[in-house]
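I would like the entire structure built from these sequences, with the hints used as guidance.
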Amino acid sequence: MSLKNFSELFVDLDASNSTNNKIEVLKNYFLSNDPIDNSWAIYLLTGKSNKRFISGRYLKNLFSKIYEYPEWLIDTCYLKVGDSAEVITLLLKNKSTSRKKKLSNISLNELLSKIIPNLSKLNEEEKNLKIRNMWETLPEDNHLIFNKILTGTFRVGVSIGLITKSISKLINIDEEVISHRLMGNFEPSIDSYEFLINKKINLQELNSKPFPFLLANTIEDKIFKHSINDFQFEWKYDGIRMQLIKRSGNVSLWTRGQELVNESFPELVEEISHIQDDFVLDGELLVWNFKEQIAFDFSFIQKRINRKSPTKSIQIKYPIIFIAYDLLEINGRDIRELKLENRRIELEKYFSKWQNKTENNISDIFKISDLIFPKDWPDALTYKEKSRENNTEGLIIKKKTSIYSSGRKKGIWWKYKVDPMQLDAVLIYAKGGSGRRAGLYTDYSFALWKDQELIKFASAYSGLTNIEIKELDKWIRKNTIEKFGPVRSLKPEMVFEISFEKIQISKRHKSGIAVRFPRITKWRKDKKINDADSLENAYELMKKIS
Amino acid sequence: MRTKQEYLIRYKDGNLYCELADIWIDPSKPVKKALITHAHFDHFTFGCEEYISTKETAILLKERVGDNIKIKTFEYGEEFKINGINISFHPSGHILGSSQIRFIFAEEKWLISGDFKLQKDETCKKYEIVKTDYLISECTFGLPIFKWDESNKIANDISKWITNSPEKTSLLFCYSLGKAQRLLNEISQTNFKGNIYSHSSIHKMNNSYKKIGIDIKDTIKIENKKKIDELKGSLLLLPPSLSKGSYLKNFKNIQTAFASGWMSIRALRKRSGYDKGFPISDHADWDGILEVVKKSEAKNVFFHHGDSEALSKFLVEKESINVLFFGK
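First to last, the sequence lines map onto chains S and F. If you count by our numbering, then the first sequence holds residues 1 to 546, one letter each, in order. If you count by our numbering, then the second sequence holds residues 1 to 328, one letter each, in order.
All clues stand as given, with none of them false.
Across the chosen pairs, the derived CB separations fall in these ranges:
{"no.": "1", "chain 1": "S", "residue 1": "Glu140", "chain 2": "F", "residue 2": "Glu167", "range": "25 to 33 Å"}
{"no.": "2", "chain 1": "S", "residue 1": "Lys410", "chain 2": "F", "residue 2": "Asn253", "range": "22 to 30 Å"}
{"no.": "3", "chain 1": "F", "residue 1": "Ile129", "chain 2": "S", "residue 2": "Leu79", "range": "26 to 34 Å"}
{"no.": "4", "chain 1": "S", "residue 1": "Lys386", "chain 2": "F", "residue 2": "Glu167", "range": "50 to 58 Å"}
{"no.": "5", "chain 1": "F", "residue 1": "Ser28", "chain 2": "S", "residue 2": "Lys114", "range": "53 to 61 Å"}
{"no.": "6", "chain 1": "S", "residue 1": "Lys130", "chain 2": "F", "residue 2": "Ala106", "range": "57 to 65 Å"}
{"no.": "7", "chain 1": "S", "residue 1": "Asn530", "chain 2": "F", "residue 2": "Ile129", "range": "52 to 60 Å"}
{"no.": "8", "chain 1": "S", "residue 1": "Asp75", "chain 2": "F", "residue 2": "Glu107", "range": "35 to 43 Å"}
Here are the simulated lysine-lysine pairs, BS3-like style, with alpha carbons at most 25 Å apart:
{"no.": "9", "chain 1": "F", "residue 1": "Lys295", "chain 2": "S", "residue 2": "Lys95"}
{"no.": "10", "chain 1": "F", "residue 1": "Lys147", "chain 2": "S", "residue 2": "Lys95"}
{"no.": "11", "chain 1": "S", "residue 1": "Lys95", "chain 2": "F", "residue 2": "Lys294"}
{"no.": "12", "chain 1": "S", "residue 1": "Lys236", "chain 2": "S", "residue 2": "Lys502"}
{"no.": "13", "chain 1": "S", "residue 1": "Lys4", "chain 2": "F", "residue 2": "Lys270"}
These aren't lab readings, by the way, just hints derived from the structure by calculation. The structure displayed is predicted, hence computed values, not measured ones. Glycine included, C-beta positions come from ideal geometry on N, C-alpha and C.
Next up, the structure:
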């Protein structure tokens, strides 16, 4: 069991564009490696950790020092390659003569649980020596993995869905179960892997984990051919999608990005703990304007999400509400297989019970989503247009007969947004501003997914508040991968909602599209880069508009 | 120091030109007299009055341009005189017939490297070290990130790539002259024993190689209508020009790869659209270029065909070699 196997896995996954092929490759890897290495592999492949232990710059300087290589030459190479870890890997090939004859055969576990974490305990000299030693004793085809993990740039074209599928095939258990097991925290260990591949399904074990979220697709024309009565209509709130879980008396609040955020919303946790039943609710967390009974916009909930243990005054200044869309589990009974219309009946039944039985008025902090009843599709359109008035983004349309599956399944849920000219994109470059903004990184470039690659699609300068600009600037300086002149390439981590006026085909851009007046309308701290839109989404948008 | 006009060989209209002999080297437009280093399309043009090359290059050239060109041939190492200049061809190891060209005039030696490589290639003559005063070298891969693996390692990777997917048809894209034959030679020495098919452009070149006496593995010419089942598990060699467009629709259940030095860079590999890239090149890598510069003992070096900036700076700073520039 060695790092070599994982390197080979990386090469194989990297060389394949076929989903089935990738699943096969993964399955074979899991079959032929230790549980602990498998566990680490899943950890890496799902991007649960991409901590940067050493910057690309540091790595390049170290190489330059050890092998007396001019830095400018490494920089020139970088321009061609675009990734420090890879540049150093390629340059190391040229230094194969200095390699020790006896190569070390370490495991993925050893590398990730010992060698790399221990680096941060060493002083600079020891650290450099250790890295050099690794370079000279690791087999050549392990260098890329080593350098990429060091610099926190390990990425390969594998989604959580693909991992889920391959494990599901491996042990012949439904994907939904595996997907559920992969939710929440994943600490690499023999146990966590064994849990994942356990053939016995034990609901108790999944107690602390949220269900995989069901997501809405962009509206499709074909829906308008169906009877309006087939669907349930709700407002599309612009808050943080969450599952509110109460099991065996314990309350947990999970975001869609799979973060546990109990500490940020103690008043909700407290209130919910008074309810007698156990349940799992799918809903949205918002800062609520109780006077007018509408939501405050997204920037308000942002003020709460990152603040742990908020003071009473913060809680009063930004009063939150949890709006429940759906009931997924009640008193230990998983009801996701029920039809939506039946789940809704359950939801309403239990909510009114809770309202009447709880001492405090729970509706101060918890309500269920109001349904809307358009007469026909033109009427639905009118509702959609009105959504701005109550600070919602449009409508969510759900098929009444649908079960609660997972992921972005087609033909179940749709979002009907009031302003369709928006995409969620990943920040990849930043450039220093000029004039009033000199000294700050204020010119940003954003990318969309194409397969597993992030392709730049727009640059934007405006839309963030001065406080956000400062905060982002600080982040940019800490998360720079490379600098070229005034431009920094950044660790792909931050997602922003980009709005624009027009979208059209452009041969001049690598993305193949050009947008007019792009601007940042939201810093989506609640989203992970995998949640960002793809170029395909952009093309669909273009089709819809033309 | 001489002015640019006074060099024996200089750049004129984007081509290498020797005024004293009124002769062009690999010209990109029709001229009176053209020395041809090798038969790749970017090294010759149609319509020159007279071509001069090695015997092997002449055969390949005729295959591509037609029989009715006027072409004078010489053996490797054989000296001939034009206007008092001694000229000779020397093996450059790039493809069959490829050569470096040496000029000697008034005891001053000039060497045009042509495209060259130092790596093993059983389908052509090995690169010959030639001493010179002035060296004009290509530098296609003039950065230290380029370091080639042994070609038999790449061939084994290709063999594994095919045999690991027996249910698929493996399409390997490569240049039809030189690279294809080298790959055939290497692959025939691996564990892969399945059928190999060649696109007609490659098949034609294979035959020319055989005519010249190079031992090339027999391949099946791809006909328009081939049963898909028949191709399962076999290797198809195709020119890169067919990788985009409708040609691929002729096949089902395929995997594609490109054999090129550029494939050593992941970003290029990803962008290329092929499933896989095999980094194998008929050009010298960084170490290869440095070795040739040193062993040629040239005091003055010019670079063309590539990004020469980093390479030049490195030679000047680290090796104290005088790197000159032609200018435009």
